[in-house]
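A.B. asks: Residues 112 to 313, numbered by this note's numbering, are exactly what the sequence shown covers, in order.
Calculated from the structure, these hints are not laboratory results.
Because the structure is a prediction, the values reported are computed rather than measured.
Cβ coordinates follow ideal geometry from the N, Cα and C atoms, glycine included.
Accuracy of the hints is not assured; some may be wrong.
[Stated by the list, open to error] Estimated spans, in silico, between C-beta atoms of each pair:
1. T302 to S157: 15 to 23 Å
2. D249 to S163: 25 to 33 Å
3. A231 to S154: 21 to 29 Å
4. D249 to V298: 45 to 53 Å
5. G233 to A292: 25 to 33 Å
6. D132 to G266: 18 to 26 Å
7. V252 to D175: 16 to 24 Å
8. Y169 to A145: 14 to 22 Å
[What the hints assert, rightly or not] In the SDA-like style, the derived pairs of lysine to any residue whose C-alpha atoms are separated by at most 20 Å in a straight line are:
9. K192 to R208
10. K173 to I245
11. K173 to W214
12. K192 to R153
13. K173 to S154
14. K173 to R208
15. K192 to S163
16. K173 to G219
17. K192 to Y169
18. K173 to P204
19. K192 to P204
20. K173 to S163
21. K173 to D198
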Amino acid sequence: MTDTAPPARSGRRPGRSGTKDAILTVARRRFAEAGFDRASVRSIASDAGVDSALVHHYFGTKRDLFVAAVALPVDPDETLKPILAADIDDLGPTLARTILGVWDSENGQGIVAAFRSMIASGDTSLISSFLLQIALRDTAVRVDVPAGSGLERVGLVASQMAGLLLTRHILELEPIASMPADRLVAVVGPTLQRYLTGPLPD
């Protein structure tokens, strides 16, 4: 009886050991240098010495790769659903309530750790890219009145929420650190709403 070779396995050839981590390392650098829009999967794959198909195999879309590079312990798509579904006249309070809910949840420590790591490593551009290109991008489109003001509006929101994160979870300044989330939403929400839909000075 003649031995026959087993049929060749179909599908993508697996990457060598450490390839996934190498891709993430390159992706963090490229996103930090070029931003989300200008960093391409092809350029990241080229720098990592792999085919772009392998990047998609490991991480899916460029957006998924960015989220993996930032290493947040939450799924932004799920987190942002209440904000995307909110009436435009209730965007500010909804945004404050949603973000505070994530920070104060069991994932909050992981989020703070991820932001601490990015700040410590100097990758602050990753934070700005995440906020403006992932977390607040769709909101910027909704509040772009007058035309061209959307990015300014969400930038103001980001400044407010970044300050609140710093005060509540990093510096832990009282009474903000222990203030009930509903109280913070009542105080901060109207300010965010004004940034998003109120008049802006010329």
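A.B. asks: Which numbered hints are broken by the structure, listed smallest first?
C.D. replies: Violated hints: 1, 4, 6, 11, 12, 14, 15, 16, 17, 18, 21; rest satisfied.
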